Amino acid sequence: MNSEKEMRVRPIRDGTVIDHIMGGQAMNVLKILGIKGTSSAVVSVAMNVSSKTHGSKDIVKIENRELKQKEVDKISLISPNATINIIRNYEVADKHRVELPDIVEGMVKCVNPNCISNTNEPIVSKFLVKKDPIRLRCVYCEHVITENIAELY
Amino acid sequence: MKFSRRHIISMKDFTRDEIDFILDRAIKMEDLLKNGTSDLLKGKILALLFYEPSTRTRMSFEAAMLRLGGNLLNLGSKEASSIAKGETLADTIRVISSYSDAIVLRHPSEGSARLASEFSSVPIINGGDGAGHHPTQTLLDLYTIKRESNLDHLDIAIVGDLKYGRTVHSLAYALSRYGANITLVSPPQLTMPEQIKVDLKTRGAQVSETENLDEIVGDIDVLYMTRIQKERFPDPTEYKKVAGAYKIAPNLLENVRQDMIIMHPLPRVYEIDSSLDNSPHAKYFEQSFYGVPVRMALLTIVLGVEM
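Taken in sequence, the protein lines are chains C and R. Going left to right, the first sequence walks through residues 1 to 153 as my numbering numbers them. Going left to right, the second sequence walks through residues 1 to 307 as my numbering numbers them.
Bear in mind the hints are in silico, worked out from the structure with no lab data behind them. Computed from a prediction, not measured in an experiment: that's the story for all the values here. Hints should not be assumed to be uniformly reliable.
Quick list of in silico lysine to aspartate or glutamate cross-link-like pairs, EDC-like style, CA-CA up to 16 Å [as the list claims (entries may be wrong)]:
no.	chain 1	residue 1	chain 2	residue 2
1	R	K146	R	E18
2	R	K146	R	E286
3	R	K247	R	D214
4	R	K85	C	E121
5	C	K130	R	D199
6	C	K131	C	D73
7	C	K126	R	E118
8	R	K197	R	E209
9	C	K95	C	D19
Model the full structure from these sequences, guided by the hints.
What follows is the structure in structure tokens.
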């Protein structure tokens, strides 16, 4: 008999399952990965599923698309404990965690409107990343961001 | 100490030994000034790129370079340069660094000096980046304290605009390296940003806050006044609420320590009564002068002059 979790979101044949997303962040994950309602991908989302290790979690299943490590690392800032399962023919072919980098470039915008990185200069934004809790320090203006990171993508 | 060709962006980049090295070099420069001029930087060119108005910073860099026998390249007005045509800072820096041996940059955007350092082939000296850092002001502040008071375990009150004032951010970071006991005095709208206070405490400084200068003025070695900067306020009504919040007048000084000194990065507007200018406590004009030997020291160091 299927477990409660599997009944909520059925297994996929091929694609990517992102598990252990921080509860409530699934829609932000889709936004960051560039998956919109207008794309043809079949996407299943489970939100606020109870988790043994993290209270509640979200799960995203994307059919017929294998996300690359670089793509999924983008979500590490909003969900550092997420795991990625690459599914082929209903089997887990590859499984790994997202990796929180020490520095993120060109991923999020600096929240300081007077920061030089928010002008037309030929640079990308650059932040040093500190963990537990996640803090981003702009390399240019040194502004520290701790909240609402998903809105800065 | 490896300083030659190094960028001077933020006081956070300096160790205490490095700061002491610069201040010791400044003492040599002050001696040198007493004996006339020098040709230590003969043949060297310093470019001055000022996108915002400045009197003391620009002119003291000019004086420092001229005292050392060096030459100057001045941007002049923005309107008369390619900046008016929309040239990026990155391009301007690439070009000017090919004309000069070092660049002093003042720019209204935070992080501009860090950006410039990524595109420059010569040392960038940050002359103030928006509400960010102003390390040469801090170095001359430290030098003033060293000359006129004592840097170690200092009791200092920093007063005024602690939110937007870049000089106080840089100064507080540097003082944290000397075990200072820092009292932050400001109206509630202008308190020091939380992230800076956290950083200071992490670095071992003792930090306390008050709105009331009278309460603590008897317990300090240095009273560091700042101007409430009108140009940093997005909303003029907010400026009016806090302008003139603190003013030092003779009656405030009745119970201060005998050797307490008053500093101010200048320009002042209302903050210090001019009747105090000849008081033994007043050191703000000396402080302004010390900008020259400190910048002479810095220029010789980044341009690789051994002494």
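Now for the hints, and whether the structure bears them out:
This hinted pair checks out: R:K146 and R:E18 have alpha carbons roughly 15 Å apart, not beyond 16 Å. Restraint check for R:K146 and R:E286: the C-alpha separation of about 12 Å stays at or below 16 Å, so the hint holds. Restraint check for R:K247 and R:D214: satisfied, since their Cα atoms lie roughly 11 Å apart, inside the 16 Å limit. As the CA atoms of R:K85 and C:E121 are separated by approximately 14 Å, the hinted pair is consistent with the 16 Å bound.
Pair hint C:K130 plus R:D199 holds up; C-alpha atoms about 14 Å apart against a cutoff of 16 Å. Of the supplied pair hints, the one linking C:K131 and C:D73 holds, its CA atoms being roughly 15 Å apart against a limit of 16 Å. Of the supplied pair hints, the one linking C:K126 and R:E118 holds, its CA atoms being roughly 13 Å apart against a limit of 16 Å. Proposed proximity of R:K197 and R:E209 is supported: the alpha carbons are some 10 Å apart, at most 16 Å.
A distance of roughly 10 Å separates the Cα atoms of C:K95 and C:D19; the hinted pair therefore holds under the 16 Å criterion.
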